[in-house]
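Please model the complete structure; the sequences and the hints are all you need to start from.
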Amino acid sequence: MKRLLLTVMLCSGACWAQPTAPAFAPAPSIWSQSMEVMTGVSRKWVDQANDLISDAMGYLGTPYRKGGTTDKGFDCSGFVQTVYANTLGLILPRSALEQAKATDPIEATELQPGDLVFFNTMRRAYSHVGIYLGNDQFIHSPRPGKQVRVENMSDSYWAKRFNGARRVHSDSADPRPQRP
Numbered sequence: 001m002k003r004l005l006l007t008v009m010l011c012s013g014a015c016w017a018q019p020t021a022p023a024f025a026p027a028p029s030i031w032s033q034s035m036e037v038m039t040g041v042s043r044k045w046v047d048q049a050n051d052l053i054s055d056a057m058g059y060l061g062t063p064y065r066k067g068g069t070t071d072k073g074f075d076c077s078g079f080v081q082t083v084y085a086n087t088l089g090l091i092l093p094r095s096a097l098e099q100a101k102a103t104d105p106i107e108a109t110e111l112q113p114g115d116l117v118f119f120n121t122m123r124r125a126y127s128h129v130g131i132y133l134g135n136d137q138f139i140h141s142p143r144p145g146k147q148v149r150v151e152n153m154s155d156s157y158w159a160k161r162f163n164g165a166r167r168v169h170s171d172s173a174d175p176r177p178q179r180p
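Mapping the sequence shown onto my numbering, position 117 (from 1) lands on 117, and the numbers just tick up by one.
No lab work stands behind these hints, which were simulated from the structure alone. Don't take each hint at face value.
[To be verified] Only pairs whose alpha carbons sit at most 27 Å apart, straight line, appear in this in silico DSS-like list of lysine-lysine:
no. : residue 1 : residue 2
1   : K66       : K160
2   : K66       : K101
3   : K72       : K160
4   : K146      : K66
5   : K146      : K44
6   : K160      : K146
7   : K101      : K44
[To be verified] Computed beta-carbon distance windows for the label pairs:
no. : residue 1 : residue 2 : range
8   : V150      : L97       : 29 to 39 Å
9   : D47       : G67       : 25 to 35 Å
10  : N120      : P144      : 27 to 37 Å
Glycine residues also receive a C-beta, built at the ideal position from the N, C-alpha and C atoms.
What follows is the structure, encoded as structure tokens:
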């Protein structure tokens with residue numbers, strides 16, 4: 001009888017009990033305002049960089065073409081110019097050197113995905129450009145006979161030729177005219 005009474009009391013108590021808070025709470029947003037203050041990188045830029053990288057990666061395997069600015073073929077600066085125009089609506093200058101001049105220099109330690117990386121591949125500064133992906137990787141259109149591909153910046157060839165990193169700001173480029 002005591003067992004039955006105890007069971008009834010426990011069951012009725014459970015029915016009248018207040019619901020408890022879930023055992024877990026949703027994780028806070030990874031990119032908070034404090035992260036923006038600490039890194040200087042806004043959530044908007046993170047989203048734009050993701051879009052930029054996604055678009056750039058869509059061109060993997062596209063052949064190199066001197067003066068090329070379409071998916072039929074790119075040179076290095078044409079590739080960067082096309083990706084920025086398609087993704088962010090920003091028109092960067094046409095040559096790697098002019099792209100370097102139009103963007104803000106940053107330290108290599110400050111590189112964020114979407115930043116530009118420059119190399120001396122033709123015995124002159126800023127003769128080659130690519131888009132930084134993160135984890136020491138960049139995507140670019142290398143040279144005749146090759147295709148758009150991802151490379152490691154710490155490979156000896158690229159490390160010896162690294163000229164610096166630059167960040168594109170919306171005022172570094174002309175906004176693409178909007179179609180009516």
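Hint-by-hint comparison with the structure:
Between K66 and K160 the alpha-carbon distance is near 24 Å, which keeps this suggested pair within the 27 Å criterion. Proposed proximity of K66 and K101 is supported: the alpha carbons are some 21 Å apart, at most 27 Å. Simply put, K72 and K160 have alpha-carbon atoms about 30 Å apart, too far for the 27 Å limit, and the pair is violated. Only pairs whose Cα atoms come within 27 Å are accepted, and K146 paired with K66 is accepted, the gap being roughly 11 Å.
A hinted pair counts as satisfied when its Cα atoms are at most 27 Å apart, and K146 with K44 does not qualify at roughly 34 Å. Using a Cα cut-off of 27 Å, the hinted pair K160 and K146 holds, with the two alpha carbons roughly 21 Å apart. Restraint check for K101 and K44: satisfied, since their Cα atoms lie roughly 24 Å apart, inside the 27 Å limit. The hinted window of 29 to 39 Å between V150 and L97 is violated, with their beta carbons roughly 23 Å apart.
At about 32 Å, the CB distance of D47 to G67 agrees with the hint of 25 to 35 Å. The hint said 27 to 37 Å for the Cβ distance between N120 and P144, and at roughly 18 Å that hint is violated.
When the structure is compared with the earlier hints, violations turn up for hints 3, 5, 8 and 10 and for no others.
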